[in-house]
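Residue numbers (numbering that gives the first Met the number 0), protein chains in the order written: chain A, 0 to 368; chain B, 0 to 186; chain C, 0 to 254.
Hints may contain errors.
[As the list claims (entries may be wrong)] When the alpha-carbon atoms are kept at most 20 Å apart in a straight line, the in silico EDC-like pairs for lysine to aspartate or glutamate are as follows:
id, chain 1, residue 1, chain 2, residue 2
1, A, 265, B, 56
2, A, 2, B, 148
3, A, 200, C, 243
4, A, 200, C, 36
5, A, 2, B, 57
6, A, 2, B, 56
7, C, 85, A, 193
8, A, 319, A, 291
9, C, 167, A, 53
10, A, 200, C, 41
11, A, 2, B, 145
12, B, 158, B, 105
Since the hints were derived computationally from the structure, they do not count as laboratory data.
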Amino acid sequence: MTKRLMRGNHVLGEAAVLAGCRYYFGYPITPQNEVPEYLSGRLLDVGGTFVQAESELASVNMVIGASMAGARVMTSSSSPGVSLKQEGISYLAGLELPAVIGNMMRGGPGLGNIAPSQSDYFQATRGGGHGDYRCIVLAPASCQELCDMTFRAFDLADKYRNPVMILGDGMIGQMMEPVEFPAAVDLATLPVKDWALTGAKGRPSRTILSLLLDPKVLENHNYKLVRKYDAVTRSETDWETHLTEDARLVVVAFGTSARIAKGAIKRVREMGLKVGLLRPKTLWPFPSQPLEELTRVVRHLLVFEMNTGQMVEDVRMAVKGQADVNFYGRPGGVVPTPEDLAHQISHYYYGAHLDEDGGSKDRLVGGLS
Amino acid sequence: MTTKTVFAGFGGQGVLMMGFLLALTAMRQGKNVTYLPSYGAEVRGGTANCTVVVSDEEIASPVASSPDCAVVMNNPSLLKFVNVVRPGGTILLNSTLVHAPVNRPDVTVVSLPVSDLAHELGEDRSANVVMMGALAEAMNIVSITDIKEALAETGLGKKPKVLELNRRALEVGAEKARQALNKEKKA
Amino acid sequence: MKQVFTVPKSLKPNVFHYCPGCGHSIIHRLVAQAIDDLGIQERCIGVPPAGCAVLAYNYFDVDMGEAPHGRALAVATGLKRVMPDKVIFTYQGDGDIAAIGTAETIHAANRGEKVSAVFVNNGVYGMTGGQMAPTTLAGMASTTTPSGRKPERDGAPLDLTQMLAVAKGSVYLERVAVNSPKNIMRAAKAIKKAFQVQLDGLGFALVEVLSMCPTNWKMSPVAAAEWIDKTMSQVFPLGVIKDETGYEAREGKAS
Chain A
0 MTKRLMRGNH VLGEAAVLAG CRYYFGYPIT PQNEVPEYLS GRLLDVGGTF
50 VQAESELASV NMVIGASMAG ARVMTSSSSP GVSLKQEGIS YLAGLELPAV
100 IGNMMRGGPG LGNIAPSQSD YFQATRGGGH GDYRCIVLAP ASCQELCDMT
150 FRAFDLADKY RNPVMILGDG MIGQMMEPVE FPAAVDLATL PVKDWALTGA
200 KGRPSRTILS LLLDPKVLEN HNYKLVRKYD AVTRSETDWE THLTEDARLV
250 VVAFGTSARI AKGAIKRVRE MGLKVGLLRP KTLWPFPSQP LEELTRVVRH
300 LLVFEMNTGQ MVEDVRMAVK GQADVNFYGR PGGVVPTPED LAHQISHYYY
350 GAHLDEDGGS KDRLVGGLS
Chain B
0 MTTKTVFAGF GGQGVLMMGF LLALTAMRQG KNVTYLPSYG AEVRGGTANC
50 TVVVSDEEIA SPVASSPDCA VVMNNPSLLK FVNVVRPGGT ILLNSTLVHA
100 PVNRPDVTVV SLPVSDLAHE LGEDRSANVV MMGALAEAMN IVSITDIKEA
150 LAETGLGKKP KVLELNRRAL EVGAEKARQA LNKEKKA
Chain C
0 MKQVFTVPKS LKPNVFHYCP GCGHSIIHRL VAQAIDDLGI QERCIGVPPA
50 GCAVLAYNYF DVDMGEAPHG RALAVATGLK RVMPDKVIFT YQGDGDIAAI
100 GTAETIHAAN RGEKVSAVFV NNGVYGMTGG QMAPTTLAGM ASTTTPSGRK
150 PERDGAPLDL TQMLAVAKGS VYLERVAVNS PKNIMRAAKA IKKAFQVQLD
200 GLGFALVEVL SMCPTNWKMS PVAAAEWIDK TMSQVFPLGV IKDETGYEAR
250 EGKAS
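Pulled out of the complex, with its shape left as it was, chain A reads as follows:
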């Protein structure tokens, strides 16, 4: 298959269509405007429907309706708009409806700016809306991965009847890279949704609701959700390691920062520093276990994010005090360069004397026992 040079936002739109999405409801906001722009035309080509709603609120509720009808459906936005969608995302989780939400993060809080940022990690991974729920969060680091994760997002949403967020940023959305698209999903081959509201013909009428007034009933519903989230955590947690085999220091970063980190690691490796990378590809479920396992041999982690420190909390929880966890971040839409980060890495590396022979003590061969 040939490669196409495409902008991330267009990739998200095209991949959604190929993954079987025929309905998109959204509201313009920079830096993701090319998603609705692309789909406004592309969906017509495949007999789908595009609606530019009056607000993010309305669009996410249109998504609820389309999902109730059993369709593969998507909305997308950027940080301030995703805040507005949180109500609907909570309902999607409570109603157990599949949906895909694209979020090309920008600088915040408030109106912030339109530059790439990772400041909505908390919002995405903690649920964001009210109630005890989780949203599956995928973090692409390239346009190709954005494509692949979009396919995966629709599958995961259907499989678990849960909202899935694709958490990119202004850079992922605006950047063009070569992409190879997989073959289109044949909608006829997808499992039948025997819960969808399609009219009570030849069957009893159905309801999809999240109002469960009896605390016992809601408690059971919450526990059911927890069992689902446990299953997602067991089966779907995804991450990548890069040059960790001999590393004395491992950088933990996701999305755009992870690719910057790779560039920085290349530089410091040329200087002889033994540094690797662990990149969570799912932010929820978070790869806590691989991180914990990593601390059996690596005692120094540097978390790098384009915010003031959000994922670092998950890393600290995961390693349970078994590693020294440091943080470097740049908020406000500043995109640090690999050189910036390389400087931070070497500062930390030498500061912790990881370059000395004694530094090998910091890499405990054979684990702690």
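We have chain A; now place chains B and C onto it with these hints.
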């Protein structure tokens, strides 16, 4: 090898198209590429820029803090990028519109009146393509032949007549750049 | 023996939880009857609101999908766009449709979404305990306007249906009441017509129903019914607000 090029000029000068054309051509040659436009409220007449990274390896950051090459189509863009080009790098200037001196003895400067050259070709809008010819000559990223082939995939080559004109524009740009570079070497 | 009364088959055999004298039970019945009469039970999907009628899915024997407060017409838009051949209705209170959901309502009407909305206006927030609604009359006491609604402080009662008339996509808008047998007959006709408009694919249809809330109005059911005639319908006059269906003209030609 990794080469980072920044393209800058007025909105409407085809600055983003230049970047796209470079990225597309390099992709067709099997290279890793990223293209990152400045985005926001650019309008015709405002400033626009984009960064293209071409590499044999995986590309870390699509942002170029110290590009190897800056393609500068107007005065404000020169002010913005003159000092970020890495030492030993190259600056390509549209000398029809850029008159300010370049105080960078550590970079190669290729000055070409691409707007005038485009006018002589009978199509003012082809200044960016003339410049692409110069870029191909000055930088070892993609060849003229490769760009000519890639043109057909863009809006610059949809119609046979336009494609022919743009191929000629590429040749003019390359030829003028060759002369300018030879002069610089001699000097 | 001639059967003079029956329960519509689009209603489940559940006892309504509504207060004595509340209009919701009557309106539920009218909606179910319209669904029966048009033979659309098997392809009908309802969207209940947040509010007193939040439990409407316990009563309507059709597929029901619950919307967040105020968003019923956005949810209905999603349902209808995926299933243009199905019949989608929303059932919403005054707070739902005319306060928190004003934007969703106006834009669904403006897009001419082919859905039918039943707007129950009782001038008060019933479910939450009697607070001011957008449609609370001037001077009318509520738990958040204990000395009566003051327009200069609280705004005047909002005539949402009138507002919707200027939206190009709205085709049929009528205000009815369920406080007397005569008015109920009219309401039944209007609700059925709102579904017919959807079946004919004409555009957005909405029926506003003035409905009694004896509990929060602190009146007897009889007094509440009379109050609609004497007071409420003075501010919200009954009748057709917009009708671009062309049905009457066609009937006229036919006769």
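Now for the hints, and whether the structure bears them out:
no.: 1; hint: A/265 <-> B/56; verdict: holds, 11 Å
no.: 2; hint: A/2 <-> B/148; verdict: holds, 16 Å
no.: 3; hint: A/200 <-> C/243; verdict: violated, 32 Å
no.: 4; hint: A/200 <-> C/36; verdict: holds, 17 Å
no.: 5; hint: A/2 <-> B/57; verdict: holds, 16 Å
no.: 6; hint: A/2 <-> B/56; verdict: holds, 17 Å
no.: 7; hint: C/85 <-> A/193; verdict: holds, 17 Å
no.: 8; hint: A/319 <-> A/291; verdict: holds, 8 Å
no.: 9; hint: C/167 <-> A/53; verdict: holds, 16 Å
no.: 10; hint: A/200 <-> C/41; verdict: holds, 5 Å
no.: 11; hint: A/2 <-> B/145; verdict: holds, 16 Å
no.: 12; hint: B/158 <-> B/105; verdict: violated, 42 Å
Consistency note: the structure conflicts with the earlier hints numbered 3, 12.
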